[in-house]
Amino acid sequence: MNIDKTKEPLLHVEGLKQHFRTSSRYVTKAVDGISFDIWAGETYGLVGESGSGKSTTGRAIIRLYDPTAGKIIFDGHDISGKMAKEDEKYLRTNMQMIFQDPMACLNPRKKVKEIIAQGLEIHRLYTDQADLDQKVNAIIEKVGLSPEHATRYPHQFSGGQRQRIGIARALVMNPRLVIADEAISALDVSIQAQVVNLMKDLQDELGTTYLFIAHDLSMVKYISDRIGVMHLGHIVETGTTDEIFENPVHPYTRSLLSAIPRPNPRVEKKRIALEYNKEKEGVDYTQGHLHQLTDTHAVLATDGEFKVWSKEHSY
Amino acid sequence: MSANRSLDDRVLSIRDLNISFDTASGTVHAIRGVRMDLFRGETIAVVGESGSGKSVTVKTIMGILANNGHIDSGSINYTFINEKGEKETVDMTKLSQKEIRYRFCGKHIAMVFQDPMTSLDPTMTVGKQIMEGMILHLNLSRSEAKKRAIDLLARVGIENPEKRFNEYPHQLSGGMRQRVVIAIALACEPDILICDEPTTALDVTIQAKILELIKEIQAESHFAVIYITHDLGVVAKVADYVDVMYAGRIIEKGDIDEIFYDPRHPYTWGLLASMPDTDTDSTRLFAIPGTPPNLLEKITGDAFAPRNPFAMKIDYMAEPPMFDVGGKHRVASWLCDPRAPKVEMPDQLKDRMEKMRKEGILE
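Keeping their order, the protein sequence lines are chains A and B. Residue 315, in the working numbering, is where the first sequence stops; the numbers in between run on with no holes. Residue 678, in the working numbering, is where the second sequence stops; the numbers in between run on with no holes.
Keep in mind the hints are simulated off the structure, nothing from the lab. Not one of these hints is a red herring.
Computed beta-carbon distance windows for the label pairs:
1. B:Lys613 with A:Lys269: 38 to 44 Å
2. B:Lys665 with A:Gln156: 37 to 43 Å
3. B:Ala381 with A:Asp66: 41 to 47 Å
Every residue gets a Cβ at the ideal spot worked out from N, C-alpha and C, and that includes glycine.
Isolated chain A, as found in the complex (with noise of 0.2 Å):
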């Protein structure tokens, strides 16, 4: 895939911030701070633990929630804050979101065809009735189901051919940017390759581009041309594919790697986890700032950090 740098980024995205009020003395700070680019084209993997703040992150650039601060850029359109009418349209349509459990994201009083065609209808995105439903086939096809499935409901479907339902909603819409999070978490191993196959096929057909969300890593290598790695509301570690997995820099992006089971039982076996506490060594990510080690590849640390573990390393 080429992806022309030199150009505008597709999505651009700076010091975002979403914090929530949990009560009147304390305020959980979910997301403290983050910026990254997304090109059109490609895919960026955003990989972290459970309550990293990765989930928050895209709805809050798709604007579910109201972001605390921050700058958010989308093709041209300043979507943070107050939006435009027009901004706000220009998003509604051209951003879409797939979730991770299939069941609670469809109506399960709609049939297929109506799940998938609601988005065009209240957008009128459609000459006729004749070109609704060509364009609902179309897609049906494209993600792999049978035309026959568009008169059904969700509850006939099996999990994976659900997730294909929520992607072809997404997709049928012709969005610059898909926004997956967590989408292939909720299903079988088997069928997570099927998901994750077709997903790679749409991309390379429609040149759609990913914001894939996911803690699984090693499914994130195989989607991401670029991957960002949260812990705790920071982006501690951000690179190409390669560069994260041959050469981690920071230590929760290593004791992540080194988590990864192996499906080989000789070396799982005897396979120890690194361990990362933040607070043990010492780690304040609100002190530390982006240390460049190549033009993709940069981390989160303080100058002293910095020194310490990149010295380890070949650069």
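Fit chain B to the known structure of chain A by using the hints.
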């Protein structure tokens, strides 16, 4: 793990188990002729997709089968040391669910469920939940039970156990909650520990630790463990023996090396090949085409045939028997019949096997 399993050490033997469920849309044959043996101190992993019947099998052992389910045939023989110190064998299919739960659950057979938040009582302190079983089954006094509960908390790796004893589940992190669940399961020193996807709800960084913990305690106490999982990484880490289930049948079984380094069933090939591998440069995952069969319909022949690229005519006509392919390795596929044409596993998997063998020798 001992190479020769002695019959004296057998704790559980399941033979020709058939279970079906009555549903509004008909009868579902969830388990079709399962055979399984479990010996003291060893670990069996049951692998399969959702709906393959792996959970149903263990739920029957625990006496927590759903009300619409019934055992059509087969036996589950459980051998244990009874109150008088004698060895006793019972067929659990002959007992009522209530009896199984009263006599064996928690005391002889314990279970760790997937999600610790739903298996713990949110209104009870952690300590009280651990003591509950000990007071009921072992007739311990409260002070004795409390002492043992604190020991258990320390043993499952919880720091500051005296303080945690008085805390509620919501005050603990996910990993700690699962440790508490394990402490509860171990409270009465069971013979069999059943772990139903014990790490699926946890973060990867904690997963490995929980598995290591179970392994450590198992080595000290020599109980048998059954893992129910779809994660082959987990299997690789913990199992001595592996049973692969598909559509209610065990389609391949053997020891861990036989399954991982010499798999014979096309479904096992597919499962192994669809595991993401962080070392390859290939950007495409192998995927098993299609979806698992609907067990509402009667299955003729091999249930995997419609998804099997190597399916032969016979696969659609008759169900394959278990072929003995040497060692402890058994495969239910017509491809293992001597008359079948020789088929090779997918190239992708072959490359990986080669690499895995090398890695295994190197380390």
